[in-house]
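Chain order of the listed sequences is Y and V. Numbering follows this note's numbering, in which position 109 of the first sequence is assigned residue number 109; successive positions increment by one, without gaps. Numbering follows this note's numbering, in which position 226 of the second sequence is assigned residue number 226; successive positions increment by one, without gaps.
Some clues are possibly wrong.
[Unchecked claim] What follows is a set of in silico ranges between Cβ atoms, one per label pair, in the way DEER data are often shown:
no., chain 1, residue 1, chain 2, residue 2, range
1, V, Arg210, Y, Arg154, 48 to 58 Å
2, Y, Thr82, V, Val25, 26 to 36 Å
3, V, Asp16, Y, Arg213, 47 to 57 Å
4, Y, Leu10, V, Ser138, 50 to 60 Å
5, Y, Thr4, V, Gly201, 46 to 56 Å
6, V, Glu229, Y, Asn132, 39 to 49 Å
7, V, Thr238, Y, Thr224, 47 to 57 Å
8, Y, Ile195, V, Thr182, 12 to 22 Å
9, Y, Gly45, V, Gly201, 29 to 39 Å
10, V, Arg125, Y, Glu12, 41 to 51 Å
[Said to hold, decoys possible] Not close to chain Y: a few residues of chain V, all C-beta gaps over 10 Å, as computed:
no., residue
11, Glu63
12, Phe71
13, Thr86
14, Leu124
Just so you know, the hints here were simulated from the structure itself, not pulled from any lab data. C-beta: ideal position from N, C-alpha, C; glycine also.
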Amino acid sequence: MPGTRLRRILAELSDGDGAWPAARLCEVCPRIAGVNGAGVMLMSGDVPRGSLCTSDDVSHLIEDLQYTLGEGPCVDAYLQDTVVSEPDLADSDAPRWFAFTPPALQAGVRAVFGFPLRVGTVRLGALNLYRNQPGPLGADQHADALVLADLTARWVLETQAGAPDGVVAKDLEIGADFHFAVHNAAGIVSVQEDISVTEALIRLRAFAYSQDRLVGDVAQDIITRRLRLG
Amino acid sequence: MPREADVVRALVEMADTLVEDYDVVDLLTGLTDRCVSLLGVSAAGVMLASPAGGLGLVASSSEAMRLLELFELQAEEGPCLDAFHTGERVEQENLQAGSGRWPLFAATAVEAGFQSALALPLRLREVTLGALNLLSASHDQIEEADVIVARAFADLAALSILQHRASTESQRLNEQLSAALTSRIVIEQAKGVISERVGIGMAEAFSRMRNYARFNNLRLTDVARGAVEGTLDPNTWTPPSRL
């Protein structure tokens, strides 16, 4: 019966009083879609801006890797505006994502899926699901994930609608990680190296990649002056 | 009734125009043209309510119709206004100058060569967006089948207008969210810049930036941008030493 799936998922999301903050979304998502973890990534201008929520350390790492490397299931789902499915990260000599795949596998991730977040023609980012066993999503799980992505996208816009102009809605910031430390570090590096912050961000990412580290960790070292680029 | 295929084609063509970025005025002008070519009416026009609530003329099948509808808006009486305000169909009425429900409107309409009028609301459930005016040059009753077709056109138009508005609103919210995030990010970058220039921590850098913005009556985001782009004097962040 049409609508049954939507009603069931809404009931699971609802916190009793009808509200469901982002943290609850990522907490409930894996159970509904039958995966090990979930994350919601916001994107704009074709680059990741940050995570609204992640369900566990591994999904947080999946988002951080994509933020550092600029590639991965969410980035592709957003850029190609289509569902991205990689049922076995280990099953290829030429991985789809050269930089993303090895550290993801190392963290125990075997399958990743990206579902675009969109409302009509407006694209917001992607819902990220992972499993530590290989295999595609079942038809039911896939359908559930589509509904979850749709609800999430609408929820983001509806939540932002309540915020004053120029301000990120409070409910979107709770549990979110917009990598502010990376931008602090970019400001520091721009002064140290006498370059623009845009260039400083590129240098930070390149350095992190070359050292097999996350850009957020490198940023912490810059802020505490334990590390200086250049 | 050989017209059935034409009606279906018209509905399909209208649906085809509902691609991304379609123009509402184009859609509604096409609607008025189809009403004239497919239904037994002489002229058609569409009025839409502005967000503030006032009706405005959006599309007409002819210049005579355009002038008549402008008059209807000025005179504040006529079938289109009634259909909009009641949200219900306004039954066909034979027009006689100076009498009936709309004495002023009727006089002008008869002068323009029209003999009867009816109107349908552009409505989706409880929301009335505007109205469709149908004018005929004869007293002949417009066939009910034709009214049903006009109703289908009007419903499709109402649905597409609402979708168009929702999509515009989503676009606006997404841009607002993105701009808000960018502001936050520029502030974080400025904290890093000031922290390094002055040799202070992030919290102190933020508080200097905020004080500067307050003291000079500037927006924090603009001060932050100035710090990041280097358009503000770097000495700004070093408070005068207390002797």
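Quick rundown of the hints versus the structure:
{"no.": "1", "hint": "V:Arg210 <-> Y:Arg154: 48 to 58 Å", "verdict": "35 Å, violated"}
{"no.": "2", "hint": "Y:Thr82 <-> V:Val25: 26 to 36 Å", "verdict": "33 Å, holds"}
{"no.": "3", "hint": "V:Asp16 <-> Y:Arg213: 47 to 57 Å", "verdict": "53 Å, holds"}
{"no.": "4", "hint": "Y:Leu10 <-> V:Ser138: 50 to 60 Å", "verdict": "54 Å, holds"}
{"no.": "5", "hint": "Y:Thr4 <-> V:Gly201: 46 to 56 Å", "verdict": "55 Å, holds"}
{"no.": "6", "hint": "V:Glu229 <-> Y:Asn132: 39 to 49 Å", "verdict": "45 Å, holds"}
{"no.": "7", "hint": "V:Thr238 <-> Y:Thr224: 47 to 57 Å", "verdict": "22 Å, violated"}
{"no.": "8", "hint": "Y:Ile195 <-> V:Thr182: 12 to 22 Å", "verdict": "20 Å, holds"}
{"no.": "9", "hint": "Y:Gly45 <-> V:Gly201: 29 to 39 Å", "verdict": "30 Å, holds"}
{"no.": "10", "hint": "V:Arg125 <-> Y:Glu12: 41 to 51 Å", "verdict": "28 Å, violated"}
{"no.": "11", "hint": "Glu63", "verdict": "36 Å, holds"}
{"no.": "12", "hint": "Phe71", "verdict": "38 Å, holds"}
{"no.": "13", "hint": "Thr86", "verdict": "31 Å, holds"}
{"no.": "14", "hint": "Leu124", "verdict": "17 Å, holds"}
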